[in-house]
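There are 4 protein chains.
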Amino acid sequence: MLIEFTVVPLGSGSSIGDRVAEVLRIVDESGLPYKLTPMGTVVEGEWEDLFRLVKKCHKAVLKNEERVLTSISVDDRKGKKNRLVGKVESIEKRLGKSLKK
Amino acid sequence: MLIEFTVVPLGSGSSIGDRVAEVLRIVDESGLPYKLTPMGTVVEGEWEDLFRLVKKCHKAVLKNEERVLTSISVDDRKGKKNRLVGKVESIEKRLGKSLKK
Amino acid sequence: MLIEFTVVPLGSGSSIGDRVAEVLRIVDESGLPYKLTPMGTVVEGEWEDLFRLVKKCHKAVLKNEERVLTSISVDDRKGKKNRLVGKVESIEKRLGKSLKK
Amino acid sequence: MLIEFTVVPLGSGSSIGDRVAEVLRIVDESGLPYKLTPMGTVVEGEWEDLFRLVKKCHKAVLKNEERVLTSISVDDRKGKKNRLVGKVESIEKRLGKSLKK
Chain A
5 MLIEFTVVPL GSGSSIGDRV AEVLRIVDES GLPYKLTPMG TVVEGEWEDL
55 FRLVKKCHKA VLKNEERVLT SISVDDRKGK KNRLVGKVES IEKRLGKSLK
105 K
Chain Y
5 MLIEFTVVPL GSGSSIGDRV AEVLRIVDES GLPYKLTPMG TVVEGEWEDL
55 FRLVKKCHKA VLKNEERVLT SISVDDRKGK KNRLVGKVES IEKRLGKSLK
105 K
Chain W
5 MLIEFTVVPL GSGSSIGDRV AEVLRIVDES GLPYKLTPMG TVVEGEWEDL
55 FRLVKKCHKA VLKNEERVLT SISVDDRKGK KNRLVGKVES IEKRLGKSLK
105 K
Chain X
5 MLIEFTVVPL GSGSSIGDRV AEVLRIVDES GLPYKLTPMG TVVEGEWEDL
55 FRLVKKCHKA VLKNEERVLT SISVDDRKGK KNRLVGKVES IEKRLGKSLK
105 K
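Residue numbers (this note's numbering), protein chains in the order written: chain A, 5 to 105; chain Y, 5 to 105; chain W, 5 to 105; chain X, 5 to 105.
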């Protein structure tokens, strides 16, 4: 299954890049397949692995902040694998053209 | 901490009320404090309890569907309790008037 | 149609209640039917009216902040009215019991 | 400013690829800078242009469906341009390494 998630600290001011970098370091070290987008991080895996990762990121940011907002979207489709690449390819195939990604 | 979550089955057509009722039955039986809103369910508790509940709801709907989209928003603020009621009251207090809820 | 929306300023610290109160004052004065929940504001109306309202709230908060994150969820179902109340009632009817709301 | 959005039809079954392809065709023809991700579409521009685009996509899908769920996340930061590329680069710079994207 795929998730997209974001972790937003409230209390660091408008530049939250250091916290987001910390989250991405944890995601990158997890070994799970992922994609960083301009609005979040998409990760593929099983429920337990993915939510253990999100919790680790959330708690790491909360350590140095008073309040943290975390959003998670799950797309879980039976019998489908490699959707990190496959979903975009499927749209391109239907349109018969390459899209920006 | 507070979460709001929704579980949306793809494949049941436009009326997904039976699935949503199933989710609410699970939430109601969990014993965790919650509030059903027109756009989701808000629950208060600790990370592990809340995500065990969301997983249970997600898996229950997935049992009878091919694809399920689940969204979760977390608001985690240190040292604050009873926010299911407190957040709305705090806004009303600031405005000095009662709001629709 | 129904929307739920939240407006989060980054840069005010962890207590964003004054900004949220400002948003609710605008919503309350709009005359549109709404419900304040612990995690957002649900409003019912037509696309143009709803997004004019969201823009007004977003811009009001941005005036005094450097960065604002706004989230909007739309649930648009043909031929259905009064869903601010009707969606919750429909779940209760299916379960045959009253839920917390 | 940046938005990420998704348009989900309820009633087409679990494979909604044709509807998503229709949305992407509209986005691609808009001329606005965008990025298709596995979980949504990120677009950069001004409020009016972006929400005109989202409305066009939402209404196009609603034409053939009874119910449509649309989600939009806005990240609006004063004085910042080219964030479709810049946000990811900024994280990579902080970490001193290239990330998957």
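There's no promise every hint is true.
[Claimed, not checked] Here are the simulated BS3-like cross-link-like pairs (lysine-lysine), alpha carbons at most 30 Å apart as the crow flies: (1) LYS101/X to LYS85/A; (2) LYS85/Y to LYS67/Y; (3) LYS67/X to LYS97/A; (4) LYS60/X to LYS101/X; (5) LYS105/X to LYS59/X; (6) LYS59/W to LYS63/Y; (7) LYS60/Y to LYS105/W; (8) LYS59/W to LYS85/W; (9) LYS59/W to LYS60/X; (10) LYS67/A to LYS82/A; (11) LYS60/Y to LYS91/A; (12) LYS85/A to LYS105/X.
[What the hints assert, rightly or not] Ranges of calculated distance between the beta carbons of each label pair, as one might list FRET restraints: (13) ASN86/X to LYS101/W: 50 to 56 Å; (14) ASN68/W to GLU93/X: 40 to 46 Å; (15) GLU50/X to GLY90/W: 51 to 57 Å; (16) ARG98/X to ASP22/Y: 44 to 50 Å; (17) SER19/A to GLU52/W: 31 to 37 Å; (18) GLY90/W to VAL89/A: 38 to 44 Å; (19) LYS67/X to LYS82/A: 50 to 56 Å; (20) GLY83/Y to ASN68/X: 47 to 53 Å; (21) GLY35/X to SER94/Y: 26 to 32 Å.
[Said to hold, decoys possible] Sample of chain A residues with no beta-carbon within 12 Å of chain W, all distances over it, derived: (22) THR10; (23) GLU26; (24) GLY35; (25) PRO37; (26) GLY49; (27) ASP53; (28) LYS60; (29) LYS63; (30) ARG71; (31) LYS84; (32) GLU93; (33) ARG98.
Note that these hints are calculated values from the structure, not bench results.
Quick reminder that beta carbons are idealized off the backbone N, C-alpha and C, glycines included.
Consistency of the hints with the structure:
no.	hint	result
1	LYS101/X to LYS85/A	28 Å, holds
2	LYS85/Y to LYS67/Y	35 Å, violated
3	LYS67/X to LYS97/A	23 Å, holds
4	LYS60/X to LYS101/X	39 Å, violated
5	LYS105/X to LYS59/X	28 Å, holds
6	LYS59/W to LYS63/Y	37 Å, violated
7	LYS60/Y to LYS105/W	21 Å, holds
8	LYS59/W to LYS85/W	24 Å, holds
9	LYS59/W to LYS60/X	17 Å, holds
10	LYS67/A to LYS82/A	36 Å, violated
11	LYS60/Y to LYS91/A	26 Å, holds
12	LYS85/A to LYS105/X	19 Å, holds
13	ASN86/X to LYS101/W: 50 to 56 Å	54 Å, holds
14	ASN68/W to GLU93/X: 40 to 46 Å	29 Å, violated
15	GLU50/X to GLY90/W: 51 to 57 Å	36 Å, violated
16	ARG98/X to ASP22/Y: 44 to 50 Å	47 Å, holds
17	SER19/A to GLU52/W: 31 to 37 Å	35 Å, holds
18	GLY90/W to VAL89/A: 38 to 44 Å	41 Å, holds
19	LYS67/X to LYS82/A: 50 to 56 Å	29 Å, violated
20	GLY83/Y to ASN68/X: 47 to 53 Å	50 Å, holds
21	GLY35/X to SER94/Y: 26 to 32 Å	44 Å, violated
22	THR10	9 Å, violated
23	GLU26	16 Å, holds
24	GLY35	30 Å, holds
25	PRO37	26 Å, holds
26	GLY49	25 Å, holds
27	ASP53	26 Å, holds
28	LYS60	21 Å, holds
29	LYS63	16 Å, holds
30	ARG71	4 Å, violated
31	LYS84	25 Å, holds
32	GLU93	27 Å, holds
33	ARG98	24 Å, holds
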